[in-house]
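For this one, chain S is given, so just place chain U on it according to the hints.
Those protein sequence lines, which keep their order, are chains S and U. Residues in the first sequence are numbered consecutively from 1, following UniProt numbering. Residues in the second sequence are numbered consecutively from 1, following UniProt numbering.
Hint data in this document are derived by calculation from the structure and do not stem from the laboratory. Ideal Cβ placement from N, Cα and C applies to all residues, glycine included. Among the hints, erroneous ones may be present.
Stated by the list, open to error - Covered by chain S, per the in silico footprint, the following chain U stretches (three or more residues, Cβ under 8 Å):
| # | stretch |
| --- | --- |
| 1 | 147-154 |
| 2 | 157-163 |
| 3 | 182-188 |
Said to hold, decoys possible - Far from chain U, some chain S residues (derived; all Cβ distances over 12 Å):
| # | residue |
| --- | --- |
| 4 | 10 |
| 5 | 21 |
| 6 | 34 |
| 7 | 36 |
| 8 | 37 |
| 9 | 39 |
| 10 | 42 |
| 11 | 46 |
| 12 | 56 |
| 13 | 72 |
| 14 | 80 |
| 15 | 86 |
| 16 | 96 |
| 17 | 127 |
Protein chains: 2
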Amino acid sequence: MTERRPTERADAARNRRAILDATAALLAEHGAAGVTMDRVAAAAGVGKGTIFHRFGSRAGLLYELVAEGAVALMTEVSSGRPPLGPGAPATDRLLAFFDAMTSLVTDDVELIAAYQAMPPHPRSAEFHAFWAQHIGTLLREVRPDIDADTVGALLLSAVGGELAQQMARAGEVDRLRSAVAELVRSVLRTP
Amino acid sequence: MTERRPTERADAARNRRAILDATAALLAEHGAAGVTMDRVAAAAGVGKGTIFHRFGSRAGLLYELVAEGAVALMTEVSSGRPPLGPGAPATDRLLAFFDAMTSLVTDDVELIAAYQAMPPHPRSAEFHAFWAQHIGTLLREVRPDIDADTVGALLLSAVGGELAQQMARAGEVDRLRSAVAELVRSVLRTP
Numbered sequence: 001m002t003e004r005r006p007t008e009r010a011d012a013a014r015n016r017r018a019i020l021d022a023t024a025a026l027l028a029e030h031g032a033a034g035v036t037m038d039r040v041a042a043a044a045g046v047g048k049g050t051i052f053h054r055f056g057s058r059a060g061l062l063y064e065l066v067a068e069g070a071v072a073l074m075t076e077v078s079s080g081r082p083p084l085g086p087g088a089p090a091t092d093r094l095l096a097f098f099d100a101m102t103s104l105v106t107d108d109v110e111l112i113a114a115y116q117a118m119p120p121h122p123r124s125a126e127f128h129a130f131w132a133q134h135i136g137t138l139l140r141e142v143r144p145d146i147d148a149d150t151v152g153a154l155l156l157s158a159v160g161g162e163l164a165q166q167m168a169r170a171g172e173v174d175r176l177r178s179a180v181a182e183l184v185r186s187v188l189r190t191p
Numbered sequence: 001m002t003e004r005r006p007t008e009r010a011d012a013a014r015n016r017r018a019i020l021d022a023t024a025a026l027l028a029e030h031g032a033a034g035v036t037m038d039r040v041a042a043a044a045g046v047g048k049g050t051i052f053h054r055f056g057s058r059a060g061l062l063y064e065l066v067a068e069g070a071v072a073l074m075t076e077v078s079s080g081r082p083p084l085g086p087g088a089p090a091t092d093r094l095l096a097f098f099d100a101m102t103s104l105v106t107d108d109v110e111l112i113a114a115y116q117a118m119p120p121h122p123r124s125a126e127f128h129a130f131w132a133q134h135i136g137t138l139l140r141e142v143r144p145d146i147d148a149d150t151v152g153a154l155l156l157s158a159v160g161g162e163l164a165q166q167m168a169r170a171g172e173v174d175r176l177r178s179a180v181a182e183l184v185r186s187v188l189r190t191p
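So that you can see chain S by itself, here it is in the shape it has in the complex (with noise of 0.2 Å):
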């Protein structure tokens, strides 16, 4: 029995992973629609029961996989490098945020259409708080003249709205990300 735990792992590991990869294609390829539980399935070669019993539903399914990017932008943050983690002045850190929070929901379009079009996740409150708690340490160091919380959030909700999934499906990721820095720049009161 002990013996065979660390197989089970390494093979339910692989199942989620091939789960979560196979539902990534699935919306790259045929947008939230084409994303079934009997397609994700077939695609990831599991039985469908495996896909229920691991993330419960499709709504399940899809935060999995949009908290995957949360949670590697959140570490990317917290810990990794300047200038998107910590030792690099504000303003720097700021801008370097807001660019991968352009990519974050950029990259992945579709998924984040999807996910955005499901009722919210219980679980997804606890990204924002870290977004606006983040957003708003910095931005009260360089602007303490302002409402850092508020400004910072609507700084986000323009950056996590509809108009960053219409740009990125025309293409349009680079002049977004031009356009996201200018605002966040023109906040900073940098040039």
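Then chain U, alone, in the frame of chain S:
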């Protein structure tokens, strides 16, 4: 027949107003879930058939209500008094516009939330094109050095997102209004 026409028109206009007012009242009191065709008909004192005849569907009814506010703002922008209307400096007009837009999305927050939860109305693109053109034209005047269309679209996206609804529901419209003004002033590089 010619004699009856004006009366019919007056009746139709009265019914239309009664239906829209009843919808607005139900929305404000019960939220989107409280707006059913049966309730609107009862509150407006008209038959359900009359509502379907005039508005096509529940979505059509909500659209008409949103369109009323949007058309009013378009009129003020096009031919109203400065600073919202023509005649004021671009900086003042932009600040006035984003303040008015903040009112538009927070005055009837349940309506806007219900409207945004529906598939986009075919005609809503007209409003969006109008706002985009207005913001882009004025912003280009003040900041010819930036991609005014995209930065302007980001500003509109910030104001039109879920954050505004959350803050309106939390009774924080004044705080939102100040932060929107700060954000716009930052982009305009004015103190």
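Structure-inconsistent hints, enumerated in ascending order: Nothing - there is no hint that the structure violates, so all of them hold.
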